[in-house]
Amino acid sequence: MLQEVVPSTLALLQEALGETYHVIAENSNFSYFTAVLINKNIVVESQSFRCFDNSKQGRGLQIVECSYNGIPLKIVNCHLESLGDNSAQRKAQFKELMETVKTLKDKNPESVVIGGGDLNIREKEVSRIPNGIKDAWIAAGSDAEKRWTWDTQKNDNKSLRSRLFRRSAGPSRVQPSRPGATFRWYVPQRPLGPALSLLSPLETKRAKAVSQLIH
1 MLQEVVPSTL
11 ALLQEALGET
21 YHVIAENSNF
31 SYFTAVLINK
41 NIVVESQSFR
51 CFDNSKQGRG
61 LQIVECSYNG
71 IPLKIVNCHL
81 ESLGDNSAQR
91 KAQFKELMET
101 VKTLKDKNPE
111 SVVIGGGDLN
121 IREKEVSRIP
131 NGIKDAWIAA
141 GSDAEKRWTW
151 DTQKNDNKSL
161 RSRLFRRSAG
171 PSRVQPSRPG
181 ATFRWYVPQR
191 PLGPALSLLS
201 PLETKRAKAV
211 SQLIH
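Numbering (our numbering), first residue to last: 1 to 215.
It should be emphasised that the hints constitute simulated quantities derived from the structure, not laboratory data. Among the hints, a few may not be true.
[Stated by the list, open to error] Ranges between beta-carbon positions, derived for each pair:
no., residue 1, residue 2, range
1, C51, P7, 33 to 43 Å
2, P109, S48, 30 to 40 Å
3, K124, R50, 24 to 34 Å
4, N41, D85, 20 to 30 Å
[Stated by the list, open to error] Simulated crosslink set (PhoX-like; lysine-lysine; CA at most 20 Å straight-line):
no., residue 1, residue 2
5, K95, K124
6, K124, K107
7, K134, K102
8, K56, K102
9, K40, K95
10, K107, K134
11, K124, K91
12, K134, K91
13, K56, K95
14, K102, K91
Using N, Cα and C, we set each Cβ at its ideal position, and we do this for glycine too.
Given the sequences, and given the hints that come with them, work out the whole structure.
So, in structure tokens, the structure goes:
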């Protein structure tokens with residue numbers, strides 16, 4: 001899942017990864033946007049973008065529906081409102097993200113639903129997470145070395161706030177990926193639960209390559 005992609009970056013992604021990945025950008029007219037990379041072993045069935053009603057920055061939910069070896073997979077990528085003054089909008093958007101993940105799961109209990117992105121969220125703004133939605137980092141074993149996605153010692157942007165949530169089809173259907181494939185998601189202050197492997201059905205090598213690209 002990517003956020004703040006611009007047309008020139010999208011072109012580079014398509015050129016570098018287009019043979020192996022579906023590079024799917026949100027269908028909006030905003031100057032920067034979200035995108036999702038899906039390995040071509042996964043069948044992409046549909047994609048849509050729903051702008052938040054309260055957004056002043058063109059933010060919304062990018063929903064990509066796929067299947068892998070008969071397992072339905074739903075991905076919800078988002079970029080919530082930025083800046084401290086937009087706390088009320090961001091909290092409402094986070095609630096909508098959680099409700100969307102829950103709704104997609106309830107419509108198809110056999111599906112794996114993954115939701116996350118650049119939430120810009122503050123700890124005090126996090127509302128109740130619906131039952132059945134798991135923190136991916138905890139579900140994958142809480143490996144301290146895989147806790148963060150953004151190395152603030154190597155990257156100048158120290159305010160990145162991202163998080164991923166999932167509703168799975170059950171442990172017998174999809175297992176957490178091996179440690180080398182997990183992503184680390186940065187949340188300020190007390191961690192809220194930072195990680196999930198977006199590419200758990202795929203080879204670790206490819207997952208690592210995507211993780212390195214995102215970093």
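Quick rundown of the hints versus the structure:
1. C51 <-> P7: 33 to 43 Å: This hint is violated: roughly 19 Å between Cβ atoms.
2. P109 <-> S48: 30 to 40 Å: Since the Cβ atoms of P109 and S48 sit about 21 Å apart, the hinted range of 30 to 40 Å is violated.
3. K124 <-> R50: 24 to 34 Å: Distance hint for K124, R50 holds at roughly 26 Å.
4. N41 <-> D85: 20 to 30 Å: 43 Å, violated
5. K95 <-> K124: The given pair, whose Cα atoms are some 13 Å apart, holds under the 20 Å limit.
6. K124 <-> K107: Cα-Cα ~30 Å, so violated.
7. K134 <-> K102: Between K134 and K102 the Cα gap is close to 11 Å, so the pair holds against 20 Å.
8. K56 <-> K102: 25 Å, violated
9. K40 <-> K95: 31 Å, violated
10. K107 <-> K134: Judged against 20 Å, a Cα distance of about 18 Å means the pair holds.
11. K124 <-> K91: OK: K124 and K91 at ~10 Å, within 20 Å.
12. K134 <-> K91: 19 Å, holds
13. K56 <-> K95: It holds: about 17 Å lies between the C-alpha atoms, which stays within 20 Å.
14. K102 <-> K91: 17 Å, holds
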